[in-house]
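K.L.:
Full structure from sequences and hints, please.
If you're matching them up, the sequences are chains U and R in order.
Following our numbering, the numbering of the first sequence begins with -13 at its first residue and continues without gaps.
Following our numbering, the numbering of the second sequence begins with 126 at its first residue and continues without gaps.
Keep in mind that the hints were calculated from the coordinates and are not lab data.
Note that the structure is a prediction, hence the values are computed from the model and not measured.
C-beta atoms are modelled at their ideal positions from N, C-alpha and C, and glycine is treated no differently.
There could be a bad hint or two in this list.
[Claimed, not checked] Below, a list of computed lysine to any residue pairs in the SDA-like style, where the Cα atoms sit at most 25 Å apart:
no. : chain 1 : residue 1 : chain 2 : residue 2
1   : U       : 225       : R       : 162
2   : U       : 225       : R       : 152
3   : R       : 230       : U       : 168
4   : U       : 201       : R       : 214
5   : U       : 98        : U       : 43
6   : R       : 230       : U       : 167
7   : U       : 133       : U       : 123
8   : U       : 201       : R       : 153
[To be verified] Reference listing, derived: stretches of chain R covered by chain U, where coverage requires no fewer than 3 residues with Cβ under 8 Å from a Cβ of chain U:
no. : stretch
9   : 155 to 167
10  : 225 to 238
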Amino acid sequence: MTAVAEAPAQKVGEVASFTVTMRVMRYLPDENGDAVPRWDEFQVESHGTDRVLDALHKIKWEQDGSLTFRRSCAHGVCGSDAMRINGRNRLACKTLLKDLDPSKPITVEPIKGLPVVKDLVVDMEPFFASYREIMPFLITTGNEPTKERLQSAAQRERFDDTTKCILCAACTSSCPVFWTDGQYFGPAAIVNAHRFIFDSRDEGGAQRLEILNDKEGVWRCRTTFNCTEACPRGIEVTKAIQEVKRAMITRAF
Amino acid sequence: MSLVADPKAPRPPRARPSRLTTRGNTELYGWVFMRASGVVLVVLIFGHLFVNLVAGEGVKAIDFGFVAGKWASPFWQVWDLLMLWLAMIHGTNGVRTIVNDYAEKDTTRMVLKGLLYLAFVVVVVLGTLVIFTFDPCPSGSPADLLPSFCTE
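P.N.:
Here's what the structure looks like:
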């Protein structure tokens, strides 16, 4: 059987275009540091292939050059453009406008729980401070081997999921425990600790478990799964946190 | 000499050195206790409800005599004491974590936790005293309200 297209409404290769309303949270503190955040609305002519990042680019390049946001690679790898789009943390460069119901205004806010610097740009320092605390580097003892540190495919598989993290902070800034006072290590730091704790080549596991056994460590996780839902890389964040908890319990008993 | 920093070189001090003082297994034991006591409490509470409300004559049998009769036996004394302590620690620890999660100001947190621990102490001390000093046959009471063994 040959598939027959039934009178296509649009020509082959033609991409549907539409006007979408973008509601963007704006924030610009004055020299005293006080300012009231406000919503700005923009009408953007878009195509079915456009992402939220393309719409933000169009606003910045054609309508309001003062709109400020972070982006680098624009292809979902650098983790710069995590923002709260229609109430959910996503990467603006991986979210297609047509998947968001463009008939309604699309809201774009900075990620929650971190201090806003301007518009959609937040201060990531508290986030990276937690990341540094778990020592995200290989720790070994003894002499350096003269060849590679070998590892079996199964040993690599053990922590494969958590190697995917791009440090975009979508998980940590979706966590209600992190929102309260920002003292919690946050899912991203625990995911990156998991990546080394379960690495057969690494010998700093006990140290990292000790660090995460903090009052503000893994035990503050309430397993609400916000992080797992927010992760643009599909990492099973809550599962990783639970695995770290289990490692601590088997170590303690 | 290489331009790459030696990874074993001394590092700047941690941004939040106070975290060193908040480490320890307290939260770990708390977490494990919540799960273990939860399982035990399911058995204790449903056993309690069944014996009091369903078994025998059911809910109509509950009066002073029924409770006094139960607390005359060491088995039910231990059962109720265990239930009291586990439920109070379990509940207090649960509310403590909720206060930690929701109270943003240090003073709010301290006041709420203070009230919580006060309530815990009052209930646990009072309950334990009642279970151990309970007199099933107070003198001068009408015999029909007392458990049967008082008149023997």
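K.L.:
Please count how many residues of the stretch 225 to 238 of chain R have a CB within 8 Å of a CB from chain U and say whether that reaches 3.
P.N.:
holds (count 4)
K.L.:
What's the verdict on residue 225(U) and residue 162(R), does the C-alpha distance respect the 25 Å limit or exceed it?
P.N.:
Distance ~23 Å between residue 225(U) and residue 162(R) Cα, so the pair holds.
K.L.:
Against the 25 Å threshold, does the CA-CA distance of residue 133(U) and residue 123(U) hold or violate the hint?
P.N.:
19 Å, holds
K.L.:
Can the restraint linking residue 98(U) and residue 43(U) be considered satisfied, given a maximum Cα separation of 25 Å?
P.N.:
22 Å, holds
K.L.:
Are residue 201(U) and residue 153(R) close enough, with their CA atoms no more than 25 Å apart?
P.N.:
Within the cut-off at roughly 9 Å; holds.
K.L.:
Three residues or more, CB to CB closer than 8 Å: is that satisfied between the stretch 155 to 167 of chain R and chain U?
P.N.:
holds (count 3)
K.L.:
Next pair to validate is residue 225(U) with residue 152(R); report whether the Cα-Cα distance is within 25 Å.
P.N.:
19 Å, holds
K.L.:
Next pair to validate is residue 201(U) with residue 214(R); report whether the Cα-Cα distance is within 25 Å.
P.N.:
19 Å, holds
K.L.:
Does the alpha-carbon distance linking residue 230(R) and residue 168(U) stay inside the 25 Å limit?
P.N.:
With Cα atoms ~13 Å apart, residue 230(R) and residue 168(U) stay inside 25 Å; holds.
K.L.:
Need the status of pair residue 230(R), residue 167(U): alpha-carbon distance at most 25 Å?
P.N.:
Status holds; Cα separation ~9 Å.
Checked against the numbered hints listed earlier, the structure breaks none of them; every hint is satisfied.
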